[in-house]
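Could you put together the complete structure from these sequences and hints?
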Amino acid sequence: MLGSFTLLFLAALVSLALHRTKWLKPVALAAVLGALVLTYLGSTIALNGFENSEAVRLFTMILEIVLLALLLHEEEDQTITQTLFIAAASVALLQSHTLLTFIISFEAVSIISFVLVSHIKTPAQAEGAVKMFIAGAIATGILLLGAALYLVGGGKLDAPLALETNMLSTAGLFVMLLGLFYKLTIVPMHGWAADTYALVRHSHAAILTGLAKTVVAVATFRLFAPFLADHLTMSVPMMATLAVITMTLGNFLALFQKRIARILAYSSIAHAGYMLLAFAAVKSGYAYTGLLYMAIAYIFMQSAVFLLLDILRKKYDIQTLEEIKGLAKQNKALAFFFTVQIFSLAGIPLLAGFLGKAVVFYAGVDAGLWLVVLIALLNSALSVGYYAWIVKHLYFDESEKALEAGQNRLQMISQSILLAGTLFFGIFASVVFAAGNHF
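Here the sequence shown is numbered in the numbering used here, starting from 11 and rising by one per residue.
Please keep in mind that the hints were generated in silico from the structure rather than gathered at the bench. Watch out, some of these pointers could steer you wrong.
Okay, derived cross-link-like pairs now, DSBU-like style, lysine-lysine, Cα gap no bigger than 35 Å in a straight line [claimed, not checked]:
| hint | residue 1 | residue 2 |
| --- | --- | --- |
| 1 | 325 | 32 |
| 2 | 411 | 342 |
| 3 | 166 | 32 |
| 4 | 324 | 339 |
| 5 | 268 | 342 |
| 6 | 324 | 411 |
| 7 | 324 | 342 |
| 8 | 166 | 268 |
Each pair of labels, with its calculated beta carbon distance range [stated by the list, open to error]:
| hint | residue 1 | residue 2 | range |
| --- | --- | --- | --- |
| 9 | 162 | 405 | 56 to 64 Å |
| 10 | 88 | 268 | 30 to 38 Å |
| 11 | 20 | 266 | 41 to 49 Å |
| 12 | 330 | 20 | 39 to 47 Å |
| 13 | 418 | 158 | 17 to 25 Å |
Even glycine gets a Cβ: it sits at the ideal position worked out from N, Cα and C.
Encoded structure:
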């Protein structure tokens, strides 16, 4: 297991003693930079139940880069500490090699995520937190039910998932996947997501949907892909159907929203459908690379747009499409960052979102899922409508009120880091392809 987990966990513990001091953020940033260096150098601490790979190493580095951006943006001490704990648990989850370490790490991410959103200041935030708690409790119950069925059927917690399974253990693993799909906001387990992402603090939503959700997707695929590939007659129809329903419903619901956060929340659900296409195409050699590329693109894009919404909400009290009109004329920097990330979410070429979708779609074609890929392409085209509507309001409409100029320097550095990731992985694909071959 990478030494970055140890460093991040220790930094989170130390940060508890640094609340309300000027040293908290510098220490947190230094710890993340140290973890990034350790990951790059391949420093490891061997632990049973954990296993590293080139793909996990690359994605852990991406996670730590995004973590830098999240911490640079954040101003609240409690959030900084909890973000460090989530990051440490996420590193453990990414490298989980057995069912036991996976469940423990997943629950750690889930519990700390709920603690994160439980700092309630408004009734809306309370509603979002309660819905997340209920969904999390249901997900945990289903996950543990599936694990129990798997154990009764002869499976083992302290070993990789068995490929030769009987009917009971096979059913248990599919039930576990349904529990995990709550966290991934797969339809029909998505009901909580739009309200939670839109109602809680947007910087918290960036952590939930950008970081935590993406980590769960990669870790789930890494653990379950061999099992799914060994049960194609059951897994392909299930995953393909859920992928189509999720991306279609997410995009259609996004079309009718007026609040920007809800548009992006439903867009997040649609992107979960695109990721699930990689699960359906698991027999393709490109599915691993496709899921990895999609996750890398998504963690940069989704973190960036929700952090931008956090700035807009705090600085200008902007929450709806009407209120964002003419922003480009009064704050060119925010409008530029927002536009590039929106274009990437839409899948415009030369941005990471385009290549992420392209590789996943190619994996679907390679697996023979032509109809599913066609529906995914139509959904991607449909999404351009509501993304373009946001850009139209930014640049071509007149603002109804004067907006204060000026930027927070650390938040602009944060956005620049995320923008650099979106641009880099929109052009240099070889890094991901090389890692994707060693998942």
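Here is how each hint holds up against the structure:
1. Restraint check for residue 325 and residue 32: the C-alpha separation of about 23 Å stays at or below 35 Å, so the hint holds.
2. A hinted pair counts as satisfied when its Cα atoms are at most 35 Å apart, and residue 411 with residue 342 qualifies at roughly 16 Å.
3. Simply put, residue 166 and residue 32 have alpha-carbon atoms about 48 Å apart, too far for the 35 Å limit, and the pair is violated.
4. Distance restraint check for residue 324 and residue 339: the Cα-Cα separation of roughly 19 Å lies within the 35 Å cut-off, and the hinted pair is therefore satisfied.
5. Restraint check: the Cα-Cα separation between residue 268 and residue 342 comes to about 23 Å, which is no more than 35 Å; the hinted pair holds.
6. Distance hint between residue 324 and residue 411 is fulfilled; the C-alpha atoms sit about 16 Å from each other, no more than 35 Å.
7. For the hint pairing residue 324 with residue 342, the CA-to-CA distance comes to about 17 Å; that is within 35 Å, so the pair holds.
8. For the suggested pair residue 166 and residue 268, the alpha carbons sit about 48 Å apart, so the restraint of at most 35 Å is broken.
9. Taking the beta carbon of each, residue 162 and residue 405 are about 59 Å apart, inside 56 to 64 Å as hinted.
10. The given range of 30 to 38 Å is respected by residue 88 and residue 268, whose C-beta atoms sit roughly 31 Å from each other.
11. In this structure the hint that residue 20 and residue 266 lie 41 to 49 Å apart at CB holds, the actual value being about 47 Å.
12. A hinted range of 39 to 47 Å holds for the C-beta pair residue 330 and residue 20, which are about 43 Å apart.
13. For residue 418 and residue 158, the hinted distance range of 17 to 25 Å is not satisfied, since their beta carbons lie about 49 Å from each other.
In terms of the numbered hints stated before, the structure departs from hints 3, 8 and 13, listed from lowest to highest.
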